[in-house]
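Peer 1: What follows is the residue order along each chain.
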Amino acid sequence: MFMTEPNAEAQGPILDVTDLVVAYGNRTAVDGISFQIKRGEIFGLLGPNGAGKTSTLSAIEGLVKPGGGTAIIDGYDAQRQATDVRARLGVQLQASSFQSELTIEQIVQLYAGLYGVRLSRQAIVDRIREIGLGDELGKRFKSLSGGQQQRLSLLIAVVHRPILLLLDEPTSGLDPQSRRQLWDRIEKLRHDGGSILLTTHSMEEAQSVCDRVAIIDHGKVLAIDTPELLIKKYKTDPRVKAVARGAVTLEDVFIGLTGSEIRD
Amino acid sequence: MTDSTLTSTRPPFGMVFGSLFRADFTVLLRSVRMIALNLALPIIVLIIFSLHSGQGNGSAAAGLTAGGFDIGLALTYGLMSSSLIGYSITVARDRDAGVFQRLRVTPAPTWAIMASRVLVQLVVNLIMTVIVIVLGAILFKTTFSFGQYLLVAGVALLGGIMFLAIGQAVVGLVRSATAVNAVGRVLYVILLLLGLLGSSGLLGDTVKSIADWTPVGAMINLFESALSLAAWGSDQTTAIIAIAIYIVVGAFIGIRWFRWDSR
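Chains as they are written, first to last, in my numbering: chain A, 1 to 264; chain B, 265 to 527.
Treat the hints loosely; a few may be bogus.
Claimed, not checked - Calculated pairs, SDA-like style, for lysine to any residue (alpha carbon to alpha carbon, straight line, at most 25 Å):
hint	chain 1	residue 1	chain 2	residue 2
1	A	LYS139	B	ILE299
2	A	LYS142	B	ARG286
3	A	LYS142	B	TRP524
4	A	LYS139	B	PHE285
Source of the hints: derived by calculation from the structure; they are not laboratory data. The model shown is predicted, which means the values in this text are computed figures rather than measured ones.
Using the sequences provided together with the hints, build the complete structure.
Peer 2: Shown next, in the form of structure tokens:
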């Protein structure tokens, strides 16, 4: 189903981030981050506000030029082979926006074309119906509810069957039903062979959905492993024990490692 | 990674550009403001001028085809409104909304994202030009040759590129859509008054000489020449040089300092 079928013989990770540095003027948002994502894996990037999650994704997407390090996607360098990389990536930005004069049908048509996917009108309508927006074909993006916008954004992100899907806080602002539906879709994408890198503030979701997570703060990776192993590793850490209420959870580990102070 | 993957995953450029062009054209046709700036404004100006055509206005210049000045002025209004104000506001609005960021994470080349918008605007400029000339010919009861139509279309194309370059410079230097809107309108009034009043000679020869080098002055000069099939002279050379300078400088500033997001 995916653009590149999962290749049993494929070597190496689908994403290899090495010593990535992203700076905005004097402020360093990402400070030498390194991590890898395996093929078919759901990987969560967790961190408080301003930790460097979105900047990391932006560097992988090619939206910002790193001050150092590399991001290699399926063997292609995100900076030097940006077009090849973007053709392989599906992206859902934290706040997606589309031309306000276009209907959702026209938006899907536009983005299918941008990825070189030829879709008949019927195929476009079918895909929109699949996400429950069959009655909204002629509507503008702005007139959709938050959940509907997220569903459409995800549909557009996967319109070309990407091998790696980047989701920046995909469940932000969604009600539990929409959230559950979104995770079902993401799980289906993984089942079909895709790999997913997502950021989220929901530790419960990360714990239940992600195969592995990286906890980052101040632009650095603090810990990286499966949620279960992170809990096991840090449950006796004094910083974690100090914030745990009962059995240690991923959220306890997260707060223990990144601190309790509120970030803007 | 395999070579076959590489060749099969890059989308064909024609399909990418075609998708952008179709979407941008749809956006422009759906935008009430753009339709008003592109078409309604020059037509209204033309009708107002035609109602006063018997009262001795600027078209009385010796040897000028009836209505030539008025039609040229209406076309300049239209080109300036749509390319300088309409284009820059739309780009700034989409930049504020994050539309460009979403497009930039696709395999579409960034230059193609902007080129598609410019091309759509130029096509609409040409359509507006033809409509205004035909309407002008009817209102002023005059006939233009095919050659005149071609000349005016060429001048309109050149003028459209010039005003787009100036509009691009505005969105290059000014970040927020609100500020771009304000700067564009102020610039519009200044350019219009300087070009119109200066070109008329009312403010003296020195100001007229300066006005001939302004975008509006140069455009009126060329439109007048095209519609009256005037012989090529120093005025036309001045106008072409002025327009070329505005295109090069505007495009340089607009590309050099343009930011894809407004943060």
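Peer 1: For every hint, state whether the structure bears it out.
Peer 2: Now for the hints, and whether the structure bears them out:
1. Simply put, LYS139 of chain A and ILE299 of chain B have alpha-carbon atoms about 21 Å apart, close enough for the 25 Å limit, and the pair holds.
2. Proposed proximity of LYS142 of chain A and ARG286 of chain B is supported: the alpha carbons are some 20 Å apart, at most 25 Å.
3. Between the alpha carbons of LYS142 of chain A and TRP524 of chain B the distance comes to roughly 21 Å, so the proposed pair stays at or under 25 Å and holds.
4. Restraint check for LYS139 of chain A and PHE285 of chain B: the C-alpha separation of about 21 Å stays at or below 25 Å, so the hint holds.
Checked against the numbered hints listed earlier, the structure breaks none of them; every hint is satisfied.
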